[in-house]
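Given next are the chains, with one letter for each unit.
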Amino acid sequence: MRKKCATENGRKYSVVFSASALILLFMMAQPALASLGGDAASIQADQARMRATLKSTGTGTFTVHELTTPTGVVVRQYVSSAGRVFGVAWHGPFMPSLPELLGSYFRKFSSASKARRGTATRNHFVLADRHLVLESAGHMLDYSGRAYDPTLLPEGVHGYDVR
Amino acid sequence: MMCARLTGKGGQLLTVILSSLLLFSCVGGSNTTPTGTPISITLLPSANTVSLGQSVVISANVYDQSNQGATWALNPVNFGTLSDVSSSSVTYTAPTDFTLPTKITITATSVSNPNVIASVQISVSPIIVGLSPFAPQTINAGEQIGVFPNVQNDTMNTGVTWSISPASGAGSLIDASPGGVTYVAPAIVTDPVMATITASSIANPSARSSVEITALSSGAGPNVAAVRVDGGPVTGSGRQNAAFTSITICNPGSTIVCQTVDGILVDTGSYGLRILQSQIPLLKLPTLTDGSGNALENCVFNPDGTFLWGPVAQADVNIGAQIAPAALVQIITSSLDQPPDGCSQGSFINLNTPELLGANGILGIGPEPTDCIVAGKNLCDGSTQAVPPKVYFSCPKNGCLNSDQAVFVPRDKQVTNPVTLFGADNNGTLLQLAPVSTPQVKTFGTLTFGIETEVNNTLGGATIYTTNRAGEFTTIFNQQLLTSSFIDSGASEYLFPGLMPTCTVNTNLYCPPGLRNLVATNKGSTEGVGDVAFSVDNADSMFASYPGYTVFSDLAGHNGTYNTCINGEGACSFVWGLPFFYGRAVYTQIDGQRPPFGSPGGPWWAY
Chain A
1 MRKKCATENG
11 RKYSVVFSAS
21 ALILLFMMAQ
31 PALASLGGDA
41 ASIQADQARM
51 RATLKSTGTG
61 TFTVHELTTP
71 TGVVVRQYVS
81 SAGRVFGVAW
91 HGPFMPSLPE
101 LLGSYFRKFS
111 SASKARRGTA
121 TRNHFVLADR
131 HLVLESAGHM
141 LDYSGRAYDP
151 TLLPEGVHGY
161 DVR
Chain B
164 MMCARLTGKG
174 GQLLTVILSS
184 LLLFSCVGGS
194 NTTPTGTPIS
204 ITLLPSANTV
214 SLGQSVVISA
224 NVYDQSNQGA
234 TWALNPVNFG
244 TLSDVSSSSV
254 TYTAPTDFTL
264 PTKITITATS
274 VSNPNVIASV
284 QISVSPIIVG
294 LSPFAPQTIN
304 AGEQIGVFPN
314 VQNDTMNTGV
324 TWSISPASGA
334 GSLIDASPGG
344 VTYVAPAIVT
354 DPVMATITAS
364 SIANPSARSS
374 VEITALSSGA
384 GPNVAAVRVD
394 GGPVTGSGRQ
404 NAAFTSITIC
414 NPGSTIVCQT
424 VDGILVDTGS
434 YGLRILQSQI
444 PLLKLPTLTD
454 GSGNALENCV
464 FNPDGTFLWG
474 PVAQADVNIG
484 AQIAPAALVQ
494 IITSSLDQPP
504 DGCSQGSFIN
514 LNTPELLGAN
524 GILGIGPEPT
534 DCIVAGKNLC
544 DGSTQAVPPK
554 VYFSCPKNGC
564 LNSDQAVFVP
574 RDKQVTNPVT
584 LFGADNNGTL
594 LQLAPVSTPQ
604 VKTFGTLTFG
614 IETEVNNTLG
624 GATIYTTNRA
634 GEFTTIFNQQ
644 LLTSSFIDSG
654 ASEYLFPGLM
664 PTCTVNTNLY
674 CPPGLRNLVA
684 TNKGSTEGVG
694 DVAFSVDNAD
704 SMFASYPGYT
714 VFSDLAGHNG
724 TYNTCINGEG
734 ACSFVWGLPF
744 FYGRAVYTQI
754 DGQRPPFGSP
764 GGPWWAY
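Just so you know, the protein sequences line up as chains A and B, in that order. Just so we're aligned, residue 1 is where the first sequence starts under my numbering, counting upward by one. Just so we're aligned, residue 164 is where the second sequence starts under my numbering, counting upward by one.
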């Protein structure tokens, strides 16, 4: 249960939602978060849960929802006009919760990370396959990264638009 | 023994009276005892502490109508010997070849009634050899340095003998006496040479202590640590382009209970010392706890999904002759227990072995004072936001729950850049490595503490590059304005958003068809502009052509997508990794520390 719901503000979260609601959430295959590949319906809930400020800007083909958390981490969710999150990006003094941002894509990142050689540089990670392009880099107190699913990019939108 | 009544007098007299009557009433047994006055034994040792080889006589005053006296036993059995055994006394002689303080117990048992026993505990102190200096030192070619012993419990005053390793080629020892020795560096030094000077107790040669002294061609001193780029501590799996040094960690306040740990990564990209628990087994460092006994744990989450987890502890950190007393450090725990999900993010790996970390520890000496302060704001103490970041956790004494939440922590409990705690030479660092043009097996350099505080850390002709207060400046490269650029000795490559082909094998790195000579311009926020020439070669072919090499000056990798930095968001960072330090002296001025007279406010870089 926690693994799906852990947030920067888990305490508040469990106060807001009843235990049974959490269990229900856990039982769903996809948590109702606006993670990569998910839908945008819960962006308002994300904002409340993360105690973040929300700024949304639209370009016609997609909307960028920018959440700024109280710890200074900026998370951008790129949502297609069909309401699907095709990309996420982050920047700030701390790493965001990757399970939360990557959703069902998290496992790809997790296994690629585990497969790395022990002596590789830890402050820099690139992953590119058919369904996930991910870049994560930074040093202490300054991290940034982005991830998108190339197959979900709306027409006319490029990977580099996710930033 | 639970029924024994003990009385002491002046700490010297330990009387144990164990009457059969008491025994009967206590144990509830059915042993019969001689009638009349109960049998008792009183033990009187001539001393309660002895050093190695010393003897102590234990007399037994046995009140026993049949006058049969006592028999004697020693525990641990073979730790020293009992001699001159009589029914009323025994002589205990401590062993000579031990190094750990030990408590022994001598037990007298009544012959008339074996249920009547008395025992006495005696502390047996080993000879302990300490040295001054004890942390790794540097010295210039041809110079000398005195090394002095500090020997404890050497009751016969036999002193120490001196040795040097390697026996030849690394300088020599002169004027050796029990009171000290002088190390003379080789007259000519090209590559640095390290000598290990050892003092061994004559009374107990297994009691010994060593200090590492590295002779350099120039630039050495009490504020200088030797640095090696040699792959680090993991044999057969060397880390490329990583600078390592040795430090000595001591229990706070001690100059004896210390461990010297090599393979410490020198990292201008992080703040604070983090050390593997497995590398300091002899130390008992005090960990931070709150009023309820909860342990304060620290988490560093890396961009690749790995993390560092473990308690915050106090240690005296010695580098060269510099000391950071009671520095707060992270002990990367050896425990396999999962940390809270808030740190581990559910499934990832704590880098808690040399193999995983590629080092025995990380010396974070970047431009910030703690792992929570950036641009003068403390992000972990509650002063700037309502929610604590996932950096510090409070865990119950018996271990963390995976639901444990991050907590706010004041500055004086945060893992601290040890340079800021030095008594002098504490405003920054100077890291420089030898020039490199082709791949090499290893190379050398120095880490010098302080900027413009000694003759060996003057800025000279270096240009200062001021920053946005977060330690970042602008790099202009290939028509991109990269506004969050940084100098990170913990990164093995130049990392930038570029257009070069990705490698097939090392998919994080660039693989141009051949050597590319490039130029970028660095620009400070208020002052400092200069071009940097650098080269990028094909990482896959270099690694294939130079197996086992650890020094590659032309290594570079991806850092986001080309030309996507807009208004500070996107791929806005050129990371000047370790190759930048080859053939360059790079100064890091730490935020909040006093910059050199006449220089701009920090933090800044200079090279």
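Be aware that a few hints might be false.
Said to hold, decoys possible - Result set (DMTMM-like, lysine to aspartate or glutamate): computed pairs, CA atoms no more than 25 Å apart in a straight line: (1) K55(A) with D500(B); (2) K55(A) with E155(A); (3) K108(A) with E518(B); (4) K576(B) with D142(A); (5) K108(A) with D247(B); (6) K686(B) with D142(A); (7) K540(B) with D142(A); (8) K114(A) with D703(B); (9) K114(A) with D129(A); (10) K114(A) with E732(B); (11) K108(A) with E375(B); (12) K540(B) with D703(B); (13) K540(B) with E155(A).
Please keep in mind that the hints were generated in silico from the structure rather than gathered at the bench. It should be emphasised that the depicted structure is a prediction, and the values quoted were computed from it without experimental measurement.
- [ ] Starting from the hint list further up, note which numbers the structure goes against and sort them upward.
- [x] Hints 1, 5, 10, 11, 12 and 13 contradicted; others consistent.
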